[in-house]
Amino acid sequence: MALTPNIERLRGSKNMFETFPLWPVQASTIAGQLDLLYVFLLLLSLVTCTAIFTTITVFAIKYRRRHGREAEQIHGSIILEIAWSVIPLGIFLVIFAWGAIIYFHERTPPRDSTEIYTVAKQWMWKFQHPEGQREINELHVPVGRDVKLILTSQDVIHSFYVPAFRIKQDVLPGRYVTAWFRATKPGTYHLFCAEYCGTMHSGMLGQIVVMDPSDYQTWLATSRTFGSLAAAGQSQFEQLGCPTCHRFETQGRGPTLNGVYGNPVTLEDGRTVIADENYIRESVLNPGAKIVSGFKNIMPVFQGLVDEEQMNELVAYVKSLSVPPAGSAGNPTLIPPGTQPQHPKE
Amino acid sequence: MSDSLIALEHPTELQHHFADMEQQKNTSTFGMWLFLGTEIMFFGGMFAAYLIYRRWYYNEFALGSRSINIWLGTINTMVLICSSLTVALGVRAAQMGKRKLLVTLLLITMVFGVAFLGIKGVEWYQKYEEHHVPGSSFNASDLVSVGQKYGIHINQAHSQIYFSLYFALTGLHALHMVVGLGIFTVLTYFAWKGKYTPEYHTPIEIGGLYWHFVDIVWIYLFPLLYLIDRKPFH
Amino acid sequence: MATAVVTTERENYINSEYGIRSWLLTTDHKRIALLYLLSITFFFFIGGFFALLIRLELLTPAGDLVQADTYNKLFTMHGQIMVFFFLIPSIPAVLGNFLVPMMIGAKDLAFPRINLLSWYLYIFGGCMMLHCIVTGGVDTGWTFYTPFSTAFTNTKVIEAGLSIFIVGFSSILTGLNFVVSIHRMRAPGLTWSRLPLFLWSIYATSIIFLLGTPVLAITLLLLIFERAFHLGIFDPTRGGDPLLFQHLFWFYSHPAVYIMILPAMGVVSEIIPCFSRKRVFGYSFVAMSSIAIAVFGFLVWAHHMFVAGISLYSALFFSILSYLVAVPSAVKVFNWTATMYKGSISFSTPMLYALGFIGLFTIGGLTGLFLAALGFDVHVTDTYFVIAHFHYIMVGGAVMGYLGGLHFWWPKISGRMYPEAWGRLAAAIVFIGFNLTFFPQFILGYMGMPRRYWQYPPEFQVLNVFSTAGSTILAVGYLLPMIYMLWSLRYGKIAGDNPWGAAGLEWKTASPPPTFNFDETPEVTWEAYNYDEIPMPEEVSLER
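Chains as they are written, first to last, in the working numbering: chain A, 23 to 368; chain B, 42 to 275; chain C, 2 to 545.
Hint data in this document are derived by calculation from the structure and do not stem from the laboratory.
Honestly, I wouldn't trust all of these hints.
[Claimed, not checked] So the derived list for chain B, only partly shown, Cβ under 8 Å to chain C, looks like this:
#1 M62
#2 Q64
#3 G72
#4 F76
#5 G78
#6 M82
#7 A129
#8 H217
In this text, a Cβ means the ideal position worked out from N, Cα and C, and glycines have one as well.
Bound conformation, chain A alone (with noise of 0.2 Å):
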């Protein structure tokens, strides 16, 4: 049973506002602004209590029973029924606008983010990085880079949450959902489980341990690596047989599977998806759910007969037979179509 991990203090900044008592470090872009929302959100609450609290004593001294002075009875006011509706309302806007294009910031991941598959399962965190290294309850990343993390439960709903970067998704069982960051200063933060799974619920703990870029490579030439993860999927793809019917070169009786991944995809009751993530693995474990247009249903089921890792390893291959945007830096999970899998390093 996994207890209190032995947490790393600290490293870093000096700067009283990035470690400042009552929030955690900001270690990563969107830290910073969501604090500056949070000082808004306080000052703001701070000014409405005060205003509140003060009036109320005030009248409470002021107009404390005393013989001889009775009571006025007032109706009421339109005008401040209005005031004290609208300009609430207005400002209770300007809040939501404010907390929305962070949201939408936090919810778009970047383009050329680099990819890291996470499961997350009863009590632990699992880690695919796109070289082919695995982690459990740690995850290595540089710092500066854009990371997407692309995420699924083997089992109940847990949750990502990694309060110094600010940034929380649940992970669902039978999807992938993303979450990303850019971390922004070198050190270990805690990783949380957000969402009540059990037993050891608060026992689900993990480490973000943040590079600076050099240390980060030299973590990646000496970490254990089973080949990349597009590797291990296209091992994955020739294993269950799926070049029977998706071949490269000539038509099959499957979809060709170059270029599928991010373009649109025409089903034959009409409808046009978009081939992402969970198009992919809804492919591969519940085929008849939706038919490429002028193909028949005949792909085999693959429910239960691969777990999520294996999922994570044939989605990254599908996804390294789509040609790269032009002008991204060379991604290292890319392998060109056809190419014969490698043997695992060792």
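Could you slot chains B and C onto chain A? The hints should help.
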């Protein structure tokens, strides 16, 4: 107050906290309407779940609809509509003070109700024989074969959801029907005893409201479960 | 001065009949209210006991008081008991049952026997919950999220679910009784615009009871079926959707929080004018704001799901609506404050609770604005920030309102005055204990401490210790009224018909009231809160 005065101003059915019979009747009727409103919300949650899944698992739900007996469902619909007719006629009989007619109509209504439940039982038994009852012995491979004929893959787990909702919806409806029969048993008994007069027959009216509601729920269930998308494949 | 025994008592609802049967088979709304009072107080102490165990465990970072599974059961059952068996019934079933007929000038509610049935359903559900607790309990969190609750936990989900299902019908029937009574049984001359604001709140609450509770009922039923028969409605491995459960659950459970706060707001709307000797400022706005809260409250449920995996656009919709629903609450706070302007204010125990309510509800409500901000919520949802927020509203708000109302109407209910000095002391202790318990939790939450954590990293300990210390003070504050109110039944000063000089039909009859409330049906020719016409009570001094 003398007894005779009390009797004049205080009909025996008037409850002590009401000012007069009219207030009592309006209040009781309003109460029943509100209660039926809560029942709409109750069924509504399940209808929402059904409609969402119907959209997601169109094929399995369509085949599920085909596999339940539309003839029995139609007969049941007719049975219920007739029973609502006899209820309405019963209210009229009470308004006219025709005790024997009222009792007869209430009894016929109950017969229709029992018939409905019996037919439903037959339907459920058919489902049981076909292994379409959700749970450990659920098996929809027959539906899978039908699907294959049309070149459609049927996911048995999704079929099970259809049947879960089918049994939950029709089961809850049947339960309400049983409660309705209980209510009508009581009403019939008191009607036979002569308790209901043209001046006082509120229980018949509000019992009738309940029965009509149970009928209306079925009128929604029937098309949603049995009728729509029976022949989705070309 | 205390009077030990009153010998020449008029007939009232307490002495009209003796014997346990006359209580257990009563249809008198006032007796039923007392039956509820006893029952919910019992559950309050059970739920509170679980809370104390939770706070004790959280004194230290390690899980060292109870086992993890036990802790998980403690917070689950604390939530279920407090929400379903204490807060939701509290003001409606105790004060509402007692006062609604009296405030409308009627002899009883529309359906007295259904009222009794309501209480029996509550007891039945309550016994089932107690049985569930002693035979192992349930550990899913009060929110029962799937698939954990349907396919993973080994605890007594079905029994807990059933008990809540049953007690839900108690609520529905209570709400039905209130709506029908307020519509159809008002005394002559009592128009809607002359209704006390407490009744407007109860009415709005009852709408939510009627429309929302059935959805919880069906959700729990589906949950129970799923677990019992291994269906797949909410289980992804069987083709179901766990988010569907969340939507169905929150569709009720969000309006439920308005069930918990609206009646307390109604109580405050009665207390403030009485102890300011003034009509309520902006009566129609306060009345309409209750209805607005009830209506808008049905449109915001998915703000509990901003990180659950809903779409961006869904989230936008629910966020903006959550800000809309905050406006009527703010309007109430401003109107209450304005009611004090140029009033003649005295600081009785009920008034202290009402003022405490305004303070704590304001803080709780403001933090709701924080949570409704999408980006902000991502960081603090599922942390102690949310826990602090809802306890400010439910404990700092609803429970204070309940205690204030209990003290305010205690003379009417029992015919006795509680000891005023003790009342004020207890109110102060509750206020201090409450803030010490829950304010640190806002900080803990933003710092990143998740909720439902049996053990936590050491840097969170200091604030947890403060919180636990506060909870012990709070416990004392809650015990005191138990003691002195019981004491007052025998030794309290005899209250007259209207010791506060308050407006409202209930004060125009004896304390305690006769069984049929009024000797003659009143006829109302005055506006609500006609404090210009009501003389101040002789003994304004509230000293013992």
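We went through each hint and held it up to the structure:
no., hint, result
1, M62, "13 Å, violated"
2, Q64, "6 Å, holds"
3, G72, "5 Å, holds"
4, F76, "6 Å, holds"
5, G78, "6 Å, holds"
6, M82, "4 Å, holds"
7, A129, "24 Å, violated"
8, H217, "13 Å, violated"
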